[in-house]
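Go ahead and model the full structure; you've got the sequences and the hints to work with.
There are 2 protein chains.
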Amino acid sequence: MLYLLYLNVMTYPRYTSLVNDLPSTVPFVGPETQERERKLLFEARLGANENMFGPSPKALSALKKYSNEQWMYGDPTSFELRCALAEKHKISTENIVVGEGIDGLLGYLVRLLISEGDDVVTSDGAYPTFNYHVTGFGGNLHKVPYLADCEDIVSLIKKAHSVDAKLIYFANPDNPMGTHVPGDKIVEALKELPLGCLFILDEAYSEFAPTASLPNLEITDKRVVRLRTFSKAYGMAGARVGYAMAEENLINSFEKIRNHFGMNRLAQKAALEALSDNKWLLEMVQKVENGRQRIYKIAASNNLKSITSSTNFVAIDCGKDGFFAKKVLTELISLGIFVRMPFVSPQDRCIRVSVGKKRDLDRFEEALPAALKRASK
Amino acid sequence: MLYLLYLNVMTYPRYTSLVNDLPSTVPFVGPETQERERKLLFEARLGANENMFGPSPKALSALKKYSNEQWMYGDPTSFELRCALAEKHKISTENIVVGEGIDGLLGYLVRLLISEGDDVVTSDGAYPTFNYHVTGFGGNLHKVPYLADCEDIVSLIKKAHSVDAKLIYFANPDNPMGTHVPGDKIVEALKELPLGCLFILDEAYSEFAPTASLPNLEITDKRVVRLRTFSKAYGMAGARVGYAMAEENLINSFEKIRNHFGMNRLAQKAALEALSDNKWLLEMVQKVENGRQRIYKIAASNNLKSITSSTNFVAIDCGKDGFFAKKVLTELISLGIFVRMPFVSPQDRCIRVSVGKKRDLDRFEEALPAALKRASK
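Protein chains in written order, with the working numbering: chain A, 441 to 817; chain B, 441 to 817.
In case anyone wonders, no lab produced these hints; they're calculated from the structure. It should be emphasised that the depicted structure is a prediction, and the values quoted were computed from it without experimental measurement. Do not rely on the hints blindly, as some may be mistaken.
[To be verified] Only pairs whose alpha carbons sit at most 27 Å apart, straight line, appear in this in silico DSSO-like list of lysine-lysine:
#1 B:Lys727 <-> A:Lys504
#2 B:Lys528 <-> A:Lys479
#3 B:Lys798 <-> A:Lys504
#4 A:Lys798 <-> A:Lys719
#5 A:Lys498 <-> B:Lys504
So, in structure tokens, the structure goes:
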């Protein structure tokens, strides 16, 4: 009897020892899951840094125009999209790989470089999905504290020296605080990058930031890979289109491991059209700037400070500790406002609110005083 | 100087030793790449086993209806779709994981089980993307020959015993030959499955096959994972929606490693609608059956035999060896007909032709005699 139990429990399937040791936690719980638990839809979806203004009408037209191509697999090379991206960034198609969002590309990057026991450096409280992938491939994460709500690039690089890191993760602008480091500071700091350490520059929010936030780096620079997405400024989070830009040998290495037929065909077409509509992009950036200003005001009228943002979200300092901010967040959620918050102290004194349409921010403005009052009880 | 060269070549980035050793070959070259090389579009796209009849009008309506949701990430749990699938298959949502096509799910499955040096069994000439993933995670592939153009389940299981395999891959119906093994034979053969060996049953084409091809297995059976897709009978290859069905602990293990936000939101919605249109599905199966009959006739009128197919494609025996079939294929491509062929002898005496619309098969019918004639020269 016990033997049969053993057979059933122990033999199917034989996971790798790494997988056996992995935690079952997931990086993010989606708002849909929270809605099912609440048995009520959210009134405002301001927690996932989505772009509520949505994609260019050209991208929406592409979805309709090409819906009759749904029966075909997407082009595994995303060639047309890579051509357009190459033109935009004045690089070659050989310097670009398109993937299933930055999340997917981060997974591939980690897989290319990290075996069990390899060392990786990131900021304490930075993007958890990157950490999820590093842990998932058995890497050791070394976390460097934020400095005045910014990712501390100098200390990240110092840490990389001390642990012989193969990878550094650095988001500019940063999520969840929304701050940025000027591009020339990045270039300067990279002079100290250890040999053999690849610097991942996640620029998911870069369209919302000042141009001076972009470091001037050659695409032939083997030390850096830059990540971009259509999920934020282009308003297409649901499409799952991201891309990596780097020296061509690194880009080519993705071919060894990626899911070649992983891209949705209509998403490829929509991204191509979105890219052609620079007017929409500029309008979007302006709308997001207006939304940030409105969130600053809402915070101020509740006697709360905001962290100045270079993204489509604002971290609002709730004025006390993480325990208090969590209570504010919980109350906001119970009032139908989906928001999130940083995971780690001292950033977790904040809640993180995405820019929404007027109606969404109206709801937030109504709910915040009540949430603060209830949390203070 | 040489030292600088060394730094540049050897230090960026530090790939894993596994990645360094991986080949740069990709599983499939897409038809778009071939079209760019030819500088000419194909007249008939009959090589990727896509379903040219396309998805249910309900699925197409969903694409339009929900296009304004493109700004939102998809539900990372694909909950609504899993509920509908659970109802269809009379299992629980806990027994289903949705992923980026069967290709994506195969990648996850291999990653869960295979470390460097682990052993895996498949048929010689079966789905190359599975082999790509096994190699990509460092597994050893053991290939068992086909038997009379069928995957030989008894020998696959015997081989798994002899090499202590952690995984067996078995497609039913099979690709590229289109044959199937009756479900009760599978159940019988599985009695001999070694302990600790997981049996992957890829049922991508199962909707086109006789019901008797489906083995009657309990979902609590820890030995088996079944894979299904919306790419074939549901006509949505471009959407990238597949799912795995298995005992819930195995399903749950995907949560440790998968790209949680990898699913396209509109694809989730379209798949849900497609699932609700059983009438369309049945029509599709009938249309594909008619198409198979037409391909058999085209082959016969050129004095060629066909392998009887349980899928949406037909392997046509070109009557000689792989060298000759390759010539026929090359001529067909030069005549604007995109087809593919098996990679391995003796299956490579065939070309593989997907069922198309009347117009597509007309083009194929016109081109085949010329291609055979040119190949015979």
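Next item on the list: Could you tell me which of the numbered hints above are not met by this structure, giving the numbers in increasing order?
Entry: Violated: none.
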